[in-house]
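> Please take these sequences and the hints and turn them into a complete structure.
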Amino acid sequence: MAAVAARYQDLQDLGVEIISISVDSVFVHKIWNDYELSRMVEGGIPWPMATDAAGNVGKVYGVYDEESGVEMRGRFIIDPDGVIQAIEILTPPVGRNIVEAIRQVRAFQHVRNTEGKEATPAGWEPGASTLKPGPDLVGKVCEVWKP
Amino acid sequence: MAELSCAGPTGAYVSGQQVKAADESESVSKEVTMVQARVGKAAPDFEAPAYYKGDFTTVKLSDYLGKWVLVCFYPGDFTFV
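As given, the protein sequences belong to chains A and B, one line each in that order.
First residue of the first sequence: 1, per my numbering; consecutive thereafter.
First residue of the second sequence: 148, per my numbering; consecutive thereafter.
If a hint is listed, it holds; no wrong ones were tucked in.
Straight-line alpha carbon distances no greater than 20 Å define the calculated EDC-like cross-link-like pairs of lysine to aspartate or glutamate that follow:
hint	chain 1	residue 1	chain 2	residue 2
1	A	Lys146	A	Glu118
2	B	Lys188	A	Glu115
3	A	Lys59	B	Glu194
4	A	Lys132	A	Glu118
5	B	Lys188	A	Asp79
6	A	Lys30	B	Asp202
7	B	Lys200	A	Glu36
8	B	Lys188	A	Glu88
9	B	Lys214	A	Asp13
10	A	Lys30	B	Glu194
11	B	Lys207	A	Glu17
12	B	Lys188	A	Asp81
13	B	Lys214	A	Asp10
Hints in this document: simulated from the structure, not taken from any laboratory.
Since the model is a prediction, treat every value here as computed from it, not as a measurement.
So, in structure tokens, the structure goes:
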């Protein structure tokens with residue numbers, strides 16, 4: 001969470017709100033934030049830290065593990081229409097890469113801003129060329145884009 | 148939302164979720180009808196108690212309509228990764 005918080009300003013600049021969720025109670029969230037996370041991130045966690053003790057939310061989102069009673073590292077990018085655009089789920093030992101999440105948000109925002117007229121190729125970064133899906137592009141991606 | 152108290156500190160509620168009482172003769176303890184989160188589909192709404200800027204409050208996903216949202220699940224507070 002501290003890693004996400006360190007990039008919080010980047011996400012705010014993109015107009016992205018954050019909700020973090022675990023099975024811990026709000027009381028544990030408070031102590032973790034106040035006594036540890038606030039030492040890693042100035043001011044502590046700046047978004048709502050939600051609790052899902054029974055795993056009700058986690059089950060619906062496919063991240064709750066019944067055996068261990070905890071939630072996997074699931075990351076969901078949801079657009080302004082409330083539609084899920086991206087899902088990443090990792091088992092607990094490997095941390096996520098928030099930089100990739102930010103890249104994906106930028107790409108989805110670009111696609112949305114073009115009303116779907118443009119698509120972003122693999123590894124796209126802002127400023128790089130995009131693809132314009134349509135009959136003219138079929139069989140010619142190799143002419144406009146190289147891996 | 149579920150009442151927040153020492154006895155029931157949590158109780159996240161998922162929109163559309165219905166837990167039906169199980170027939171005791173069945174081996175499956177309960178039948179759960181729920182939508183599943185999928186890319187390209189509407190994110191299932193949820194409402195959950197939350198800690199936010201020093202206060203205990205409630206967070207509801209549908210309150211964020213009109214904004215981009217990053218929802219991050221993680222195994223537990225005080226974990227190391």
